[in-house]
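> Listed here are the chains, written in short residue letters.
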Amino acid sequence: MDALTRRVVGDVAFPGGWGGRVRWLLERHGNRIAWVGLALYVLYATSILGFTPARFWAGLGHGWAFLARLFPPDFASRWADIQHDMLESLEIAVLASVFGILASLPLGLLAARNLMPAYVTWPVRLLISVSRSFHPVIVGILFVKAIGFGPFAGVLTLAVASVGFIGKLFTEAIEEISLRQVEAVRATGASFPNVLIFGVIPQVTARFVGFSLYQLDSNLRNSTILGIVGAGGIGGTLLAAFQRFDYSIVCAIVLVMIALIMVGEMLSEQVRKLFQ
Amino acid sequence: MSPRDEREWQRFTPRERALRSGVYLAMAVAFGLALKNIEIVPEFLADTPTQVADLLLRMWPVDWRFLAFTAVAAMVETIHIATLGTLATLIVAFPLGVLAARNIVASPAVRFGAKLCLVASRSVNSLVWALFFVAVFGPGALAGTVAITFRSIGFVGKLLGEALEEVAPGPVEAIVAVGAPWSSVFLKGYWPQVKPAFLSIALLRWDINVRESSVLGLVGAGGIGLVLDSAINVFQWRAVAAVLVAILAVVLLAEVVVTFLRTRII
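Heads up: the protein sequence lines correspond to chains A and B, in order.
All the letters of the first sequence, read from the start, carry residue numbers 95 to 370 under our numbering.
All the letters of the second sequence, read from the start, carry residue numbers 103 to 368 under our numbering.
Accuracy of the hints is not assured; some may be wrong.
[As the list claims (entries may be wrong)] With a straight-line Cα cutoff of 25 Å, these simulated DMTMM-like cross-link-like pairs (lysine to aspartate or glutamate) come out: (1) B:Lys297 to B:Glu267; (2) B:Lys297 to B:Asp309; (3) B:Lys217 to A:Glu359; (4) B:Lys290 to B:Asp309; (5) A:Lys262 to B:Glu357; (6) A:Lys239 to B:Asp156; (7) B:Lys290 to A:Glu121; (8) B:Lys217 to B:Asp309; (9) B:Lys138 to A:Asp175; (10) A:Lys239 to B:Asp331; (11) A:Lys262 to A:Asp311; (12) B:Lys217 to B:Glu267; (13) B:Lys217 to B:Glu268; (14) A:Lys367 to B:Glu118; (15) A:Lys367 to B:Glu264; (16) B:Lys297 to A:Glu121; (17) B:Lys290 to B:Glu268; (18) B:Lys297 to B:Glu264; (19) A:Lys239 to B:Glu118.
Source of the hints: derived by calculation from the structure; they are not laboratory data.
Bear in mind the structure is a predicted one, so any value in this text is a computation, not a measurement.
Just need the whole structure built from these sequences, with the hints factored in.
Here it is as C-alpha cells:
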C-alpha cells in the first residue's frame with residue numbers, strides 16, 4: 095500500500111483524523127480497553143502495596159490457627175466489664191443522636207435553599223459538609239486530645255457525625271417540599287415561625303423520623319469502635335483484649351456487639367414502620 | 103345534632119397512638135438514663151469550645167512540606183486499599199446478593215445462609231475487621247484491603263439482593279418462556295435491569311471505603327491512618343493538620359469522581 099492509498103483508506107475508515115480514530119477505538123473496543131485497564135491497575139496496585147500470593151497463603155494458614163483460638167468465646171471472665179462498656183456504647187449512641195438531631199433541625203432549615211437566602215445557606219452547608227468529611231474516628235481522636243478521654247468525647251464525636259449526615263438529609267427533604275402549602279399558610283398572614291410549623295414541618299416529619307432512626311442505628315455501630323481511640327464504650331475493652339491476645343474474650347465481645355447491632359437494626363425497622 | 107355528627111376524625115388507630123406514645127416514652131427514658139450515667143460535667147462542656155479552638159490554633163499553619171512528602175504518598179496508598187478492597191468486594195458480593203434474592207433462589211435455607219453471611223459482614227465495623235486481619239496477615243495494607251472487603255460485602259450484597267428482588271418479572275418470564283437456559287435468563291433478563299443499580303452501589307461503596315480506609319492505619323492496617331497516628335503520638339499538630347488536609351482533599355475528590363462516573367456510565 096503506497097502512502098496515498100493509505101491516506102485515502104485511512105480517511106474513509108476514520109473520518110475526523112485522530113479524534114475519529116480514538117472515538118472509533120472506544121466505540122468498538124471500549125469495554126475491552128476498560129477491562130485491560132482495570133487488570134493493569136490491579137497488578138500495579140497490588141505490587142505497590144506489596145501483596146504476594148505467598149503472604150496471602152501464609153495469612154490463610156494463620157487464619158485457621160486464629161479461628162481456633164477465637165472459639166470457644168469466653169463470656170464469663172470479663173462479663174461485668176463487657177456489660178458496663180456495652181451499656182456505655184449504647185448511652186453514647188443515644189445521647190449523640192439526641193444532640194445531633196437537635197442541632198440538625200435548625201441547621202437543616204437554615205441550609206434549605208428554598209427557604210433561606212444564599213448568604214445563609216452557604217456557610218451552613220459548608221459546616222454540614224465539613225462535619226461529614228472526616229471519619230468519626232478521626233473526629234474522635236481530636237476530641238479526645240482536646241477534652242480528654244472518656245465517653246463525653248464519644249458523645250461529641252458522634253453528635254458531629256450526626257450533624258454531617260442527617261443535616262444533609264434534612265436539608266434535602268426540606269428542599270423537596272411542595273411550596274403550595276407554604277404559600278397557602280403565608281397567604282393567611284402567618285408569621286415566619288408559623289409558616290415553618292404549619293407549612294414546612296408537617297411535610298417532612300415522617301422522613302425526619304426515618305432519618306433519625308437511621309442515624310441512631312449508625313451511631314450505635316460507630317459507638318462500639320470509638321473506644322479504640324479512647325472515646326468511651328466497648329471499643330477500648332476490645333482493643334485491650336486484642337493487645338493481650340485474649341482471643342476468646344475478643345470473640346465474646348464481638349458476638350455481643352453483633353447481637354446488639356442486629357437487635358438495634360430490627361427495632362429501628364419496627365419503629366420506622368410504625369411512623370410511616 | 104345527631105350523635106353521628108359529633109364523631110371526630112382521627113388519623114391513627116388507638117393502637118398506633120399507644121405504640122407511638124410508647125416509643126416516645128422509651129426514647130425519653132433512654133435519654134434520661136444515658137444522661138445520668140454518662141455524667142457530662144458542665145464545666146467540661148463549657149470549656150469544650152476553648153479547648154477545641156486551642157487545638158485548632160496549634161494546628162496552624164499547616165506543615166506543607168509534610169503534606170507534599172509524606173501525606174500525599176500515604177493517601178495514594180489509602181486510595182489503592184479502598185479501590186482494591188471494593189473490587190474484591192464486587193467479586194464476592196455478587197454471588198451472595200444473587201443467592202439472597204427471593205425471586206431467584208427458591209430454597210429458603212440457601213437464602214437464609216446468604217443473608218446470614220451478609221448481615222455478619224455488615225455488623226462488624228471495618229476497624230474491628232482490620233484488628234482481626236492484622237492478627238492474621240500481620241500489619242500492612244493487605245490486612246486493610248481484606249478488612250475493607252469483608253465490611254463491604256454485606257453492604258453491596260444486601261443492596262444488590264434488594265435490587266434483584268425489585269426487577270420487573272415481565273422480561274424474565276418472556277425469556278424463561280422461550281426455554282432459555284438459566285445463564286441466558288440471568289444475563290438477558292435480570293442483569294440489564296440491575297446493572298445501573300449495581301454500578302451505582304459499587305461507586306457509593308467506593309466513596310465510603312475511601313473514608314473508612316483513611317482510619318485503618320490506627321490499628322496498623324496501612325494507609326494514611328498510620329501517619330496520622332504517629333503524628334498525633336508525638337504531638338506534631340501541624341503535621342496532623344497536613345494529614346487532615348490530605349484526607350479532606352481526597353474525600354472531596356472522590357465525591358467529584360463518583361458524581362462524574364455516575365453521569366457517564368449509568
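> All the hints need checking, so say for each whether the structure fits it.
Each hint, compared with the structure:
With a CA separation close to 13 Å, the supplied pair B:Lys297 and B:Glu267 stays within the 25 Å bound. Between B:Lys297 and B:Asp309, the direct Cα distance comes to roughly 18 Å. Compliance with the 25 Å bound is thereby established for this hinted pair. Taking the CA atoms of B:Lys217 and A:Glu359, the gap is near 14 Å; set against the 25 Å cutoff, the hint holds. Distance restraint check for B:Lys290 and B:Asp309: the Cα-Cα separation of roughly 29 Å exceeds the 25 Å cut-off, and the hinted pair is therefore not satisfied.
Distance check on the hinted pair: A:Lys262 and B:Glu357 sit about 15 Å apart at the alpha-carbon level, within 25 Å; holds. Pair hint A:Lys239 plus B:Asp156 holds up; C-alpha atoms about 11 Å apart against a cutoff of 25 Å. As the CA atoms of B:Lys290 and A:Glu121 are separated by approximately 21 Å, the hinted pair is consistent with the 25 Å bound. For a cut-off of 25 Å, the pair hint linking B:Lys217 to B:Asp309 stands: about 24 Å separates their Cα positions.
Between B:Lys138 and A:Asp175 the CA atoms are separated by roughly 19 Å; this keeps the pair inside 25 Å, and the hint holds. The suggested pairing of A:Lys239 with B:Asp331 holds, with an alpha-carbon distance near 12 Å, which does not exceed 25 Å. A distance of roughly 17 Å separates the Cα atoms of A:Lys262 and A:Asp311; the hinted pair therefore holds under the 25 Å criterion. Of the supplied pair hints, the one linking B:Lys217 and B:Glu267 holds, its CA atoms being roughly 14 Å apart against a limit of 25 Å.
Of the pairs offered as hints, the one joining B:Lys217 and B:Glu268 holds, with about 17 Å between alpha carbons and a cut-off of 25 Å not exceeded. About 11 Å separates the Cα atoms of A:Lys367 and B:Glu118, which keeps this hinted pair within 25 Å; it holds. Restraint check for A:Lys367 and B:Glu264: satisfied, since their Cα atoms lie roughly 18 Å apart, inside the 25 Å limit. Between B:Lys297 and A:Glu121 the CA atoms are separated by roughly 19 Å; this keeps the pair inside 25 Å, and the hint holds.
Distance hint between B:Lys290 and B:Glu268 is fulfilled; the C-alpha atoms sit about 16 Å from each other, no more than 25 Å. With a C-alpha separation of about 13 Å, the suggested pair B:Lys297 and B:Glu264 falls inside the 25 Å cut-off, and the hint holds. With a CA separation close to 46 Å, the supplied pair A:Lys239 and B:Glu118 exceeds the 25 Å bound.
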